[in-house]
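**Student:** Order-wise, the sequence lines are chains A and B. Quick note: to get our numbering, add 1230 to the position in the first sequence (first position is 1). Quick note: to get our numbering, add 1230 to the position in the second sequence (first position is 1).
Worth double-checking, as some hints may not be accurate.
Straight-line Cα separation of at most 27 Å, BS3-like style, residue types lysine-lysine; simulated pairs [what the hints assert, rightly or not]:
hint	chain 1	residue 1	chain 2	residue 2
1	A	1318	A	1251
2	B	1496	A	1496
3	A	1463	B	1544
4	A	1544	B	1567
5	B	1385	A	1567
6	B	1234	A	1539
The hints are simulated quantities; they were obtained by calculation from the structure and are not laboratory data.
2 protein chains.
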Amino acid sequence: MKVKVEGKVLNYKNIWFEGGKLHFIDQTKLPFKFSIFTSNNYRQTAAAIKEMKVRGAPAIGVAAAYALAQAALEFEGENLDGFVAHIKKASSAMKGTRPTAVDLFNAVDEILKVLEKGRNVEDCRELILNKAEALAEGSLQACRRIGANGEKLVKDGSSILTHCNAGALACVDYGTALAPLRLAHSRGKKIFVFVDETRPRLQGALTEWELQNEGIPHAVIVDNAAGFYMQRKEIDLCIVGADRIAVKNGYFANKVGTYEKAVLAKENNIPFYVAAPMSSFDFSIKEIPIEERSGEEVLYIGGRRIFAKGARAKNPAFDITPLEYVTAVITETGVFKPAEL
Amino acid sequence: MKVKVEGKVLNYKNIWFEGGKLHFIDQTKLPFKFSIFTSNNYRQTAAAIKEMKVRGAPAIGVAAAYALAQAALEFEGENLDGFVAHIKKASSAMKGTRPTAVDLFNAVDEILKVLEKGRNVEDCRELILNKAEALAEGSLQACRRIGANGEKLVKDGSSILTHCNAGALACVDYGTALAPLRLAHSRGKKIFVFVDETRPRLQGALTEWELQNEGIPHAVIVDNAAGFYMQRKEIDLCIVGADRIAVKNGYFANKVGTYEKAVLAKENNIPFYVAAPMSSFDFSIKEIPIEERSGEEVLYIGGRRIFAKGARAKNPAFDITPLEYVTAVITETGVFKPAEL
């Protein structure tokens, strides 16, 4: 992604692994300060995911895979059972960070699978490192292909609503929901993006920051105004990401507010697309756990209280949208109507 | 309404007129500081309406009526034509404050009507003062009757969603949407109120402050989460106010986001009520003008920027909800299904 640093436009990935250290753009500092957070071990990476320094389903999947590579690197000795126990302990820590996005669970399970193939510690370590790199590279390529598949759906001159941040900052690079928009813009299509501010954590500010860096025309709106612009037919299509697509259950989880926008899009006959890699699919049938975060995320903004002393808030971080509200899911392997999934 | 001041619970109206001065609770200071703003003349009252020191359709209607009483009081001399011209100038100033709520226009027109009956300046002045007092008292009584009519719709044990602030702070006292809830609570019904925070101006903080003062159980939620709780059937009914009910057009205007909640309520088979006095009705067929306020209301909270430098926002203050989404309108004269209006 393009990032303006001290007047210069540079290219950055959101997340990369180098010499056993995991680097990523610290999203708790954006959009005011561009800074790179460096995690030295899997415990720091787990903490960073919990604190949402790194966030977005694909990004935390890749971060979890790299965290297990960090765990593999820090293990000392040649005892394979000890190594496996260490990796499993780290896996549990990673799985305990955030419950809703499935990419993280899928990535951890992929890493655990390669353990079965290793004959000794060194072998396993190399397999884990390779697998983590493959997952990161796979995620990046998936986003590029989502961009290519989704770009065809974005007509010249169209206005697009997006909710939360499903951009480069939610992935290794490029984004899921924003990938088709980047590509449409770079191919010269005139598009305009309505950016839901996405309370409580204002991930719209991340999307706004990305679009501003890329020079894609856009405006921020409060989440309450999305329906207003849909009703006026000023929005031609909606694209959002997904934290977990539970195909067998017939619904997907994404940032709270997604369900509202999907219902409004259907009511106004506006196409509603979900852009997500296959790593966000869950083929089990268990219910998606919805993370309930601290009410303080609602009651405070930037450390400043916005409600009276004594006020209490409920704060579900995600919601569930039945696939009947979805026009199609844009994946790296193609664009599928819900019935085709 | 109950107000806790320095540990004591006192009773306050939101707005009252005394000795030519208009007093009201300054809502730009709430919920952090309870303070009374005093306006000395109609120009100060007009400015206070623009700045939303006083807000809410019924409250700004009453404030505009009192502003014309202030204009009547400040006029010197006995020239009736001069007096009428002065009142008309003041009327234009009041009508230029905020465009969407119709109560203000209705109140100003009611005042202008009495001018026709006065034989001299003193006569007209007295008629205007009496009319302003009558409108304020009428507004108060309308809210009480809305409370009585709406309370029957609130079952013991129910959870209610409300959007924006249609409480005592939006009226002379008591409220429109909150009136049935106050009464239900005072009659011992166990209710729980979901308070939409109502971005961008967070009028949910006013509702939260009122409910906290009254001891009515409640929680704040972000506007994005209303759909989540409706989908889970944790909300039994919705009650909102109205800035203008355009009966002949078949829709009503209210705080932006109302349309979203109404669509979601219908989708989830949850009753959606509008509580508003007859002063909020508009029987003309002209389109409702939607106030577009500064994008800075979105980009800043409490003087603090929440988006990157260079970000732009669109900020419609109201939206339009077709009456087909409304179960019934609760007025002082009864509860009416849209078809009965």
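**Student:** Take the C-alpha atoms of residue 1385 of chain B and residue 1567 of chain A, compute the straight-line distance between them, and say whether it is at most 27 Å.
**Tutor:** Outside the cut-off at roughly 42 Å; violated.
**Student:** Residue 1544 of chain A and residue 1567 of chain B were given as a pair; does the straight-line alpha-carbon distance stay at or below 27 Å?
**Tutor:** violated, 32 Å
**Student:** Below or equal to 27 Å on CA atoms is what counts here, so check residue 1234 of chain B against residue 1539 of chain A.
**Tutor:** holds, 12 Å
**Student:** Assess, step by step, whether the Cα of residue 1463 of chain A is no farther than 27 Å from the Cα of residue 1544 of chain B, and give holds or violated.
**Tutor:** The given pair, whose Cα atoms are some 15 Å apart, holds under the 27 Å limit.
**Student:** Residue 1318 of chain A and residue 1251 of chain A: Cα distance at most 27 Å?
**Tutor:** holds, 20 Å
**Student:** Residue 1496 of chain B and residue 1496 of chain A: Cα distance at most 27 Å?
**Tutor:** Holds, at roughly 13 Å.
In this structure, the earlier hints numbered 4, 5 are contradicted, and the remaining ones agree with it.
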